[in-house]
Structures are given as structure tokens and as C-alpha cells.
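Participant: Guided by the hints, dock chain B onto chain A, whose structure is given.
Residues per chain are reported as follows:
2 protein chains.
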Amino acid sequence: MKIAILTIGDELLNGDLADTNTSSIARRLITHSLPVHEAATTGDRETGIVAALTRLAATHDAVVVTGGLGPTVDDRTAKAAATAFDRPLSLNDMALRQIRERFRTMKRYMHPANEKQAMLPGRSTVIANRNGTAPGFHLQHHEADLYFLPGVPREMLAMLDDYIIPSLLERFPDPPLLSQQIVTVMGLPEPEVESRINSEPLPEGVELAFNVELPTVQVKLRARGKDARKRVDRAEVIVRRALGEHVVGFGDETLAAATAKHLITTGLSLSLAESCTGGLIAKLLTDQAGASAFLERSVVTYANSAKIDCLHVPADILEHHGAVSEACAVAMARGVKDASRTDIGLAVTGIAGPDGGTEDKPIGTVFMAMTGPDGEYVEKFLFQGDREQVRIRTACVALDWLRRLAMHRISGATQEE
Amino acid sequence: MKIAILTIGDELLNGDLADTNTSSIARRLITHSLPVHEAATTGDRETGIVAALTRLAATHDAVVVTGGLGPTVDDRTAKAAATAFDRPLSLNDMALRQIRERFRTMKRYMHPANEKQAMLPGRSTVIANRNGTAPGFHLQHHEADLYFLPGVPREMLAMLDDYIIPSLLERFPDPPLLSQQIVTVMGLPEPEVESRINSEPLPEGVELAFNVELPTVQVKLRARGKDARKRVDRAEVIVRRALGEHVVGFGDETLAAATAKHLITTGLSLSLAESCTGGLIAKLLTDQAGASAFLERSVVTYANSAKIDCLHVPADILEHHGAVSEACAVAMARGVKDASRTDIGLAVTGIAGPDGGTEDKPIGTVFMAMTGPDGEYVEKFLFQGDREQVRIRTACVALDWLRRLAMHRISGATQEE
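Line by line, the protein sequences are chains A and B. For the first sequence, our numbering begins at 462 and goes up steadily by one. For the second sequence, our numbering begins at 462 and goes up steadily by one.
Note that these hints are calculated values from the structure, not bench results. Source: prediction; values computed, not measured. One or more of the hints may lead you astray.
Pairs count within a copy or across copies, as identical chains cannot be separated in the list.
Heads up, simulated SDA-like pairs for lysine to any residue below, C-alpha to C-alpha not over 25 angstroms straight-line [claimed, not checked]: (1) 540 with 624; (2) 841 with 564; (3) 463 with 512; (4) 681 with 614; (5) 577 with 660; (6) 568 with 674; (7) 722 with 869; (8) 841 with 648; (9) 681 with 508.
Pulled out of the complex, with its shape left as it was, chain A reads as follows (with noise of 0.2 angstroms):
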């Protein structure tokens, strides 16, 4: 069984919208396992349009096509399928009632224009769509089946799931099972993840992929066929034990995720001292909702007034040190713990550029400081890449700590009982 997707239209191509409706459809079909071939992208002009149908009809068991059937002049999709297929447009009688019922019931004037979307090639079947005016479309040409839908993510959505996805599961009934897990790794570059992972031999036919996403990596465990679920469950297995606390989450859980959710159990309450994250590490865990149950406060201390006030850091340490120091970043986890009496404080000072880069204390240098129940921790770090990069790596190493602290609590807890 082979599936492509089309998209049509010209802001595709001339970068005025990223195309979401690929990734959302294919997330769609392979949850049902039906798994996508091939996708591609064409503009508005009718020529290009029966190009790409034809030979993806010609190539594929089933087409998913989508924008390109508004009611406006640029809209050709219909048109061309009627070229590529030789099947001339005529009106639809159940299409057009559509059309004028999705009027009526929006109490809204149907503009002469819209009647232009109840031209569909000749012999389709109509596909409803209750979320808007274009009706989608469905022809069968030799073996390809191909379905024509609006290019709005969330009419689109709908008619897949409503037609598409049945009568897809009609045609091939048995699609070989597919199973995954996604695994988010922390602290290993993507060639050290590899061979950890590939000093144990995995279950049969499952597949491994890699996806970066800087500074965690992805593990992709991926199975077909007959024991998929229980192969991809082996695999996972051997990854945990290869990559031990390395692992962050399983699934669609993030970093910062998983440390809130551990830090919810232990019960512990933080307090976070932030300089050059400005406000990053607090951000994303506060993307987290149940935040509030561990985050008292966190101080986004940029100037040394700042530090000063609200950390009480001594100026001595500032004078002697500077603010990106060791001693600074001590000074201000000790301070934001005290003054907020919370378990842990955290803190972060460095130089993310691109200015402030001295040859002592290049762009990159981040003192992270931790205080918390378990003792008090302090590292450099010379972190790679520019102003964004240097932020972000800040912040996923300091919820990083704040992970394993968590977990180191929550597994001696288990130990003790």
C-alpha cells in the first residue's frame, strides 16, 4: 500500500506558510498504520497541478490532496483533476446543496462565486465537509484512489477523519501493524547514543531513527508485522539500560515535562536565580501546567543591582569576581533559596552574546549553581553556537539537575521504604 500526499498552493512555495497539513495528516494515517510514501507540494498553476497528479496517480495506490478548491480564481484544483483524469467538470447537484445548506445554517449571503465549488470532475463522489463551505471530492483513477480536500487544517482534519480514514481502512483492511516509541535522551551527543544503543543487539526488525533536537536527541524505536508492540516493548528495554539516566521521557514527554512532573512528586519547592536566561528556564517550566505546586519565584536578575537586592550577593564578590563567576553563581542560588525558603535554589550567570565575550570568559561561559537537600553543586560550562543556542543549552542543563536531583530523591525514597 502506497500513500502520497499533494499540497497545492503558492504560498507553499514562496515561503509565506510552512506546510502543516503533511505532518498532521501523516500523524493521522499512521496511527491507524497506514504509513505515507511520498509527499510533494506544487502552486497554483493549473499545469503544474496535472503534472503532479498524474504522476503520483500513476505511482500510488492512494493520493491525499488538499487546497486549491476555494471559490477565488486562484483556485484550480478541481479544473486540473478534471484535466489530468479526462473527466470534465460538471456541476454537482449534492455538492451544490452543501454549499447552500453551510450558507443557510452561518446565516451568512452565498456569494455567485461559491457556486463555482459545486463544479467537481465528472463521476466523484462527494465528500462533506461540516466546518465549511468547499465540499471535498473523490475519484478513482485506474487503481489510485484520490481525495481532494480544502487546504483549512481544521476542515481538512475533519473530512480525513470522517471519510478518508474509512475508506482507506476499507481498501486495505489488513495494514501491517506498526508499532513506536520515541525515546528523549539528554547529555549524549547523537554518535555516542548510537553505539550505546548498538553494544546490545535489538529485537528483530525493529527499526532505530534519530532525531536531533538540540540538546536532547530522539530515539525511534519502530516495528511492523506480527509481535510488533511486543518488540518495540523489548527494544525500549535495552534503550533504558544502554542510556540509563540519560533518558528524559518516553513519548511525547519533554524535558522540561518530565522534571516538573518529578518534581511535583518529590514534593520539593524551587526557587531559580536567572541571568543570562533571562527568564527562559522559569518560562518553560511554567509551560507546564501544576507548575505553581514546586515554583515560588524566580529572579531574573540582570543587572548587579539586582543580584544585589534581590540575592543578596556581596558586592566584594562581584567587585573581585564579576558577575559571571563561580563565586556569583553561589552566591545567588544561596540567596534565592534563602530569601524564598524553598528546598532548592538554582542559578544560572553567563555570557550568551553576542557581546560581553572577553578571552578569559569567552561567549558561551555559564556558571550554574544548585543548593538544595542533597548538598550544594557548582560547574562551568563552555556552551557552543550563538545567543539562542547558549540559552537554550543553559536552561535544558539546568532543568537537567533539576531532573535527576528529583529522581535521585524519588528512587532513595523507594530504597528506604
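Facilitator: Just chain B now, kept in the frame of chain A:
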């Protein structure tokens, strides 16, 4: 001149990742009047990559390919190019040197797997990657130029600017003239933006397009041919006049960048007190290099104890009005301004969800207060959407308040002169 983009990766066809490379490449090419004719996506299988490369090379003058150049087993683009164009892989000395040099400057251990990234199809020109380890390469096949880049956006875009655009402009020195301008607008819905602009006719041949990135709207003005630049400039004047203060910036300038720029110009200092935004406002401002010129601190007071300690919010305000109230927002803004001795204090407090909403104060209720050299403002908002949307809308309105305050100071100062 026909240019195609080919993106490679299973993650693009199984719904794990939306393809943003195509639109960001297209956006850069079009600013050099280099339009993209077609885009395609294929998975990691070699046969699929070979078929796509063969087809696109036969039908286009240039093909920009991204993805599949990593060090792991599922990276097969170089191998597929070698097969498609019949030039066996060989170790490219220049590529190997660049990879080694990259690891050396990063002070990171080079895993043997990374040597694979220097195995390139014969007679390729290496495209240097200044942001990562995977070198790109350029090869010519019959009439087509093929450019291969890694999939990581930051690496890929720099290589596009450094090598591919100059190479394309050398081959096509006189592309048809195209001019465009982007105007970013805050505080008006898309139909209102459109109707205000349409109240005055635009110069002939200037196309208008909209791109909504809530809560801002981007207006794109485009013209081709003779005098394209002049006509776009005249259209920009009309748009400025129609939208007035709602115009945030031009070209790539974001709301946060415009706000930072204007604050720096005024010389005013700023402190923030954030509750529901949890550091997001500070994060957006400190994304901008040079934010230390105005931002003294941001206090993320997630807990009531932090509001009392850091901002001296009177306990009876929290008791009688609650943390999400006009009185609390005003007390927070005054508190942070007084403590930091800055010119401006801005505070937000609200309910981002998914929990915490009540009948009286549903999710999306936000109070914002600003106290500064021109007086004190406070406003209640009811933002639509989920946690993420409420947070981003709140942060953008806060940035817009600061931007307008700064702009009024600047224009006031100019008038006084």
C-alpha cells in the same frame, strides 16, 4: 529558471515533524527573486531518495536538498546521490578536514561514526558548515545543479546564504525583478487590517497577502517587473497611514525586537513582575541582544509568598481581592518599580489554565498594570485559547504597551526639540 526543494526524512512523513525547511528556504530565495517551482518530501529509504533525485534533476535547473547527512545508519542521502548520479562515494579530504576542525574548535571528542560524513559522491564540491559537523556538497548532473544540506535549520540556512544563493545568482544573474516588504501589525484582527488597507487603492500590480501569527498579523506587499521597488515603497506608505500605531515593524523585525529597540532609544529602565506568564516576557525581551541596556530585573512571582516578599504586595490585597485582581497587578507593578528604582514597572497576573478558572475569573482572565514616567495604567483582559495561547497573547500585549510607551516618549522628545 526552475528550482525545486527536496526534504528528506522519515520524521517528515510519519507526522513527527512538520517541514519548515521548505518554507524558510523559499522565503530566502524569493527575496533574491529566485522562485521555487516544486517541493517534494521523501523518507529515509535509499530507493525513494534515488527516485526523487533522479526525477527532480531531470526536470529542474537547480535542486536544494536537505536532510539525511548525519552520522547514523538512517542517514542515506550521500549514498543515494552517489547511486542516482553514478558517482561512487569516496572519502573527501576537504570534508574530513572540516569535520575534524569543527570537533577541535568545539573541544569535543570526534566519534569514528562522524568520519562517514566525509564520504561524498565523486566530483562534489564541499559546502562548508560553520554551525555543525555535517558538511554539505554541490554536484552538477547534466544541466542541473544539486545542493545537499543537513536538515538542521540553523546550519542549513547559513549554508544557503553562504554558498547556494551566491551560486544560483551566478548561474541566473538576471532573475525577473521581484520586490517585497513585510509589515508586522499588532492589535487588529486580519479582516480589519485588510479593510483598513483597502480603503485606499494600492499602486498597480502590488499584491497583498496576509499571514496570521497570533496575536500579530503580517502584511506582505509584492510587486514584479519594472519599478517594482518603487511601487512596493508607495504601498508601504499607504499601509503605514492606514494602520498607524498598529504597525510594529518591517521586514524580519518582531514585536519583541521593536520593543527592545525603542526602549534602548529612550534610555528608560524597566523592571517586570510576572505571574501567569512565568518569565515569558523577560525571555522574549532577553532574546534580543542588548536587553541589558534597559532590563534591570524580572521577578517571576508564582507564589503569593513571592509577591509579598519581592514586590511588597500588601497581604490584605491578596486576601480581599486575590492574586488575580486589578489591585494586585497595580501593587505588583509599583512594587517592582520601587524595589528596582527603574523608570518603568510592568506587571501581569492572570489565569492561564488549564486549571484555576472560576465563574468570576475564567481561564484567560489577565490583569496588566504599568507604572512609568507618564502615569499608571491598568487593564483587564479576557484572552481566548489554551494555556500557551493565553501566555503568548499576554506577553505580546505587555510588549506592545512598552513599545507604545517608548514610541510616545521618542516622538514627544522629537516634538519638544
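Participant: At most 25 angstroms between CA atoms: does that hold for residue 841 and residue 648 within a copy, between copies, both, or neither?
Facilitator: within (15 angstroms within a copy, 43 angstroms between copies)
Participant: Pop the pair residue 681 and residue 508 into one bin, within, between, both or neither, using alpha-carbon distances up to 25 angstroms.
Facilitator: This pair counts as between: shortest inter-copy Cα distance 21 angstroms, intra-copy 39 angstroms.
Participant: Cα distance capped at 25 angstroms. Does residue 577 pair with residue 660 within a copy, between copies, both, or neither?
Facilitator: between (60 angstroms within a copy, 19 angstroms between copies)
Participant: Which holds for residue 568 with residue 674 at a C-alpha limit of 25 angstroms: within a copy, between copies, both or neither?
Facilitator: between (39 angstroms within a copy, 21 angstroms between copies)
Participant: Since the copies are identical, ignore which copy is meant and state whether residue 540 and residue 624 lie within 25 angstroms (CA to CA) inside a copy, between copies, both or neither.
Facilitator: within (22 angstroms within a copy, 40 angstroms between copies)
Participant: When no copy is specified for residue 681 and residue 614, does a C-alpha distance of 25 angstroms or less occur within a copy, between copies, both, or neither?
Facilitator: Both: 23 angstroms inside a chain and 20 angstroms across chains, each within 25 angstroms.
Participant: Can you give me the call for residue 463 and residue 512, within, between, both or neither, at a CA distance of at most 25 angstroms?
Facilitator: Intra 19 angstroms, inter 15 angstroms, cutoff 25 angstroms: intra and inter.
Participant: Within a copy, between copies, both or neither: which one fits residue 722 and residue 869 at a CA-CA cutoff of 25 angstroms?
Facilitator: within (14 angstroms within a copy, 45 angstroms between copies)
Participant: Have a look at residue 841 and residue 564 and pick one of within, between, both or neither, based on CA distance no larger than 25 angstroms.
Facilitator: between (53 angstroms within a copy, 20 angstroms between copies)
Against the hints set out earlier in the document, no violation occurs for any number.
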